[in-house]
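4 protein chains.
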Amino acid sequence: MKRVLFSLLLAGSVVAQGQIRNDELVELTHVNQANVRTEISIPDFDGYETLKCDFHIHTVFSDGNVWPTMRVAEAWQEGLDAIAITDHIEYRPHKKVVLGDLNESFKIAKKYGDGIGFIVIQGTEITRSKPLGHLNALFINDANVMDVEDPLAAIDKALEQGAFIQWNHPGWPDDKSTLYPVHEELLKAGKIHAVEVLNYMEYYPVAFDWCNQYGIAPMANTDIHDLISGDYGWGGGKMRPMTLVFATERSEKGIKEALFARRTAALFDGKLVGKSEYLMKLIQASLRIRRINDKTIEVTNISDIPYEMTNGGKLYLFPCRKTVRIGIPKEGALVFENCFVGMKQKLNIPFEWWSSIL
Amino acid sequence: MKRVLFSLLLAGSVVAQGQIRNDELVELTHVNQANVRTEISIPDFDGYETLKCDFHIHTVFSDGNVWPTMRVAEAWQEGLDAIAITDHIEYRPHKKVVLGDLNESFKIAKKYGDGIGFIVIQGTEITRSKPLGHLNALFINDANVMDVEDPLAAIDKALEQGAFIQWNHPGWPDDKSTLYPVHEELLKAGKIHAVEVLNYMEYYPVAFDWCNQYGIAPMANTDIHDLISGDYGWGGGKMRPMTLVFATERSEKGIKEALFARRTAALFDGKLVGKSEYLMKLIQASLRIRRINDKTIEVTNISDIPYEMTNGGKLYLFPCRKTVRIGIPKEGALVFENCFVGMKQKLNIPFEWWSSIL
Amino acid sequence: MKRVLFSLLLAGSVVAQGQIRNDELVELTHVNQANVRTEISIPDFDGYETLKCDFHIHTVFSDGNVWPTMRVAEAWQEGLDAIAITDHIEYRPHKKVVLGDLNESFKIAKKYGDGIGFIVIQGTEITRSKPLGHLNALFINDANVMDVEDPLAAIDKALEQGAFIQWNHPGWPDDKSTLYPVHEELLKAGKIHAVEVLNYMEYYPVAFDWCNQYGIAPMANTDIHDLISGDYGWGGGKMRPMTLVFATERSEKGIKEALFARRTAALFDGKLVGKSEYLMKLIQASLRIRRINDKTIEVTNISDIPYEMTNGGKLYLFPCRKTVRIGIPKEGALVFENCFVGMKQKLNIPFEWWSSIL
Amino acid sequence: MKRVLFSLLLAGSVVAQGQIRNDELVELTHVNQANVRTEISIPDFDGYETLKCDFHIHTVFSDGNVWPTMRVAEAWQEGLDAIAITDHIEYRPHKKVVLGDLNESFKIAKKYGDGIGFIVIQGTEITRSKPLGHLNALFINDANVMDVEDPLAAIDKALEQGAFIQWNHPGWPDDKSTLYPVHEELLKAGKIHAVEVLNYMEYYPVAFDWCNQYGIAPMANTDIHDLISGDYGWGGGKMRPMTLVFATERSEKGIKEALFARRTAALFDGKLVGKSEYLMKLIQASLRIRRINDKTIEVTNISDIPYEMTNGGKLYLFPCRKTVRIGIPKEGALVFENCFVGMKQKLNIPFEWWSSIL
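Protein chains in written order, with this note's numbering: chain W, 12 to 369; chain X, 12 to 369; chain R, 12 to 369; chain S, 12 to 369.
Worth flagging that the hints you see were computed from the coordinates, not collected in a lab.
These numbers come from a predicted model, not from an experiment.
Glycine is no exception: its CB is placed at the ideal position from the N, C-alpha and C atoms.
It cannot be assumed that every hint is accurate.
Stated by the list, open to error - Coverage of chain R stretches by chain X, computed from C-beta distances (three or more under 8 Å per stretch; other residues unrestricted): (1) 44-57; (2) 302-308; (3) 329-335.
Stated by the list, open to error - From the derived model, a few chain X residues whose C-beta atoms are all more than 12 Å from chain W: (4) Gly-58; (5) Gln-88; (6) Glu-89; (7) Lys-121; (8) Glu-213; (9) Asp-315; (10) Lys-355.
Working from the sequences, and respecting the hints, build out all of it.
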């Protein structure tokens, strides 16, 4: 008889291998994602490890809405390699309810991060009105001493601790990205090391040029207050904005060295912002080329950054983790339309690179 | 002025209608999901509104890791209709850091919920060892008075406030689902009104029978401590477990009335647990049938609950929001394999229902 | 003992309910999608049924690569309501291998369509060089008589059969969309009833204006030769371009009447092209509004067409089957940026509509 | 000139770099998937290349419904490395309409495959009733000579051409998988080299043992007649069943050598069937392990085959392209629940392998 019906509930117990499954308890092992991490594929080059980082994060200890441990868990699950906890110094709306000094949120996050092998960097956010605005101090060891009236003194306190200073969201809150005299002076004194070209849900094209002009590192961070999943979505290929750090080793020390050496790129919404040499190397490491015949090649984008290229009047799309079959590009530059090396400059890869591998 | 409408292509500036887009600031409007809610489609029947609820949620005010507002935001975004904030009375590991009495988390969540039109119910969790275990008291107005030594007294205090009492996760922490004498007495006295047949990532088949035996409501709740996205995933069709409440109106009052009337079903991992009459009506409202010819029908499942049915030795799958073309089922019962009306009983829909609509 | 290992392979047979599952054969019922159809949600209005159609399809009987039955299966699975088989008259590269007159492909498709209750319309494509170009004749009953030297005579033959004449892809193959004198004459004589504003992977903005100017129906069709899945993708929310037909009944007769009455809209890549009155009604039927408070509303897009709206300098996105929480729009028109009523005109919905429902 | 590069914003015309975008024509470059291939990640080992193949495919030239070129296009897009065209000898329902000898479908497919660098193997299906049933002959050069009355003679004709003989779907059509005397003889004579353990939507557990018992290769093929997308779905992580071939080089010659050497595994519905040594090496190449501390490791599954493992009574899931954080497995075997080395035997990996890398 072809179809036999078994009710399959043997007295007391049906047990799937290694999973409790009986009348009193059934585990839904396959549902639980708590210990699952998505791997984001962005290649290394030149002996550097490409680390995926978020250097601007808030918790309940300032004006965020999440316990510090959850920031580490979120980032680990999403596939990042490091975060900085950067609660505000001056703006702590929960402070009557959530007790703790200015180092507490980091300590809690750090302990959790150490337990799962995830890099957590101590930071804080100097939070003032324009013209100065907001700046993050990263790699500090004591935020308490930075709670002073004069923000320039706070910056100096941070620098005494060896901090890396990041100028946050220049375009907030008035939608104007202005480099004020105070910034000129800090830059001239070497007291600003980076600027957020992307923060949360907005970016500042003019800041792409400031990176070149002042020799500071481009950064892209979430400045997340609520949940990553709620604001950016989660899974299915979605990725928060992130700062790519090209480090000599996967450690806090490696990240610090790379930041001071300005070896970063900003990655957000399928766009890259950074120095031509870094973006070119990323692309060269991401696109594998296979010649099919005299006219046709296959280009495989092994990474999770999609690329758009124009050449000879044609538009080529290289989606993540896909291969495209295209005609061999013609003489002339290849412009990567999603890759910015300046406010109005896109990355050009010389045709020689292509021809050398065809 | 922050937002200015430009319809032209200005020199140096390209502005998409209604979105700032210039050299100083570009808004990534399409990225921001903060105000976006997924709609979960589960039909109404018999004049009841099918409300999607989670009656077991923790925040930083006990042993959860999220500010109360975020629980409301998560639930609204995921497509639920109501939640209860049910922080532990006795177990508050953050209490030296997070100040507030036992009503504080609810107050914060409620204020946020009122602001966005989302129903937030006050609750608390009596948290003891087995045999009693954990119970949630829902629709209370003051949890402080329940912080007493005798948990049975705590239950009575809750009942004085008109509370609905839900026996939580009978199978935790020892993987044994035992109905102890204390539960027998409380049930006999009408002091337990519901039991979680599913909690977090496990379910308790024997509890399906307790619902029938004792006339209590089946519930499915997350008992979430961390982030829904981290534990269950987010988007792409994933849904947290939830308690379906068949209410006369979409309000706290309507939910309360429905719970006391035992008009609930548990929904988790594609399974339903509940009274035969409710599950049958849900299915009848979910499956639309169209006759193609004498032998063939199309069955459209308009809901977000997938169904599996057997009839005449064949297995039929009705995925969410899809139509399947099948042969007309034969005489004999139609067994809904994912729908439980008892520990070992699946929902049977009499063939007469099908034949009446073919 | 908590975890018990059962090997669960009983002698000869383990059978899941209604599915063969034994040592000799296991059915993978859940894998088989052959009889599964995705439902595309686009609402009806004004007593019309919104039918989703593709009026330009090729098979192995001209220069397509798929047996006619597969075109019906593809379209049924993707959620369409009707297709026309429109193989070329003059261009049949497989004709030495695939025998059959000019009606054969339709006959094969029609038989299959009748078997599954799917509407298949007979058509053919008059295939000439510019200036005339290509035109589809729909609702014919005999394509053989149209195989004549003079294409204008072929058009007349089609009209004698009551055909509806659709001018195909005006911009192909030279990327110039030119309305030639021959088209002017045919339009003046009422011998062209529609134009494809979208064909395959390109659209022709100037043709939006021709619809208004000449009173012809806007159409969007795939002109598919290979596989829909290969060219457009499949599943996960992807949809082929389609012509929406607002018919009095879901039948070939209803579609024919609606086409001659010009009750169509073109839907492709998230854009709609059509008469203001139809697009407005589609939107009004798609967006459900719920007032939260004096400042806030929730807008639910129940359809599978995403909308983008600007008002008062702000951009609003209404993704498919989601709810968005927004501030109440201000006085002034609401411009639907993805909805075209002319080449340069987007749909404006008067503020009165909104205010009447708030 | 068809494609002109405009970098400026011309009056009336907005042109994206390298994409035509003006009033007469707008290209939807991003929509077109025709030249896009998904890459399936299954690692190599021991110097072999893991090739992903389908050795059982039909076209309009027998009882399939797709032109031969589309089979190559489908397979290339889905990420396979080779297919065999195996139309029936004896069953050609379209033969009055589709002309061509028994080699025609292969020739058409091969020409297309050569053009895009995809391996297409000539095959045919000897199609008889049970007891013999159906068998594919692969690597033939002339199917015409195999159209003889005696199927055993047909097999011999194939063998004369150096063919590899695959016994198809032993469980079809009567749901009984019977190894008949005729099969015993053919196996003894070395005239059957492989058996399909999976065909289309069903698999035959007893055939897992036949592979071991008779030293024949396990195969998994679609036997596709209609569209892969329609039957199996497409994109979003879905994959057709496939035969993995561990070849010394990526060529027809390499595949042939590997098949005769029995270096295959069957992959379908997340299950693998094959020799213990091959499956173990696949897994060892797929799972990367990183020690977090004395108790915890991270396991990254770099492949597109999900694994399920039990050890010490616990169930571990290793989803595709994800990392899971787990406790270090305990002493005792690690059973891979989705990997079959025999009908009732799952793959066991000795604990020594794990301990050596921890």
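Item checked: Hint numbers contradicted by this structure -> 5, 6, 8, 10
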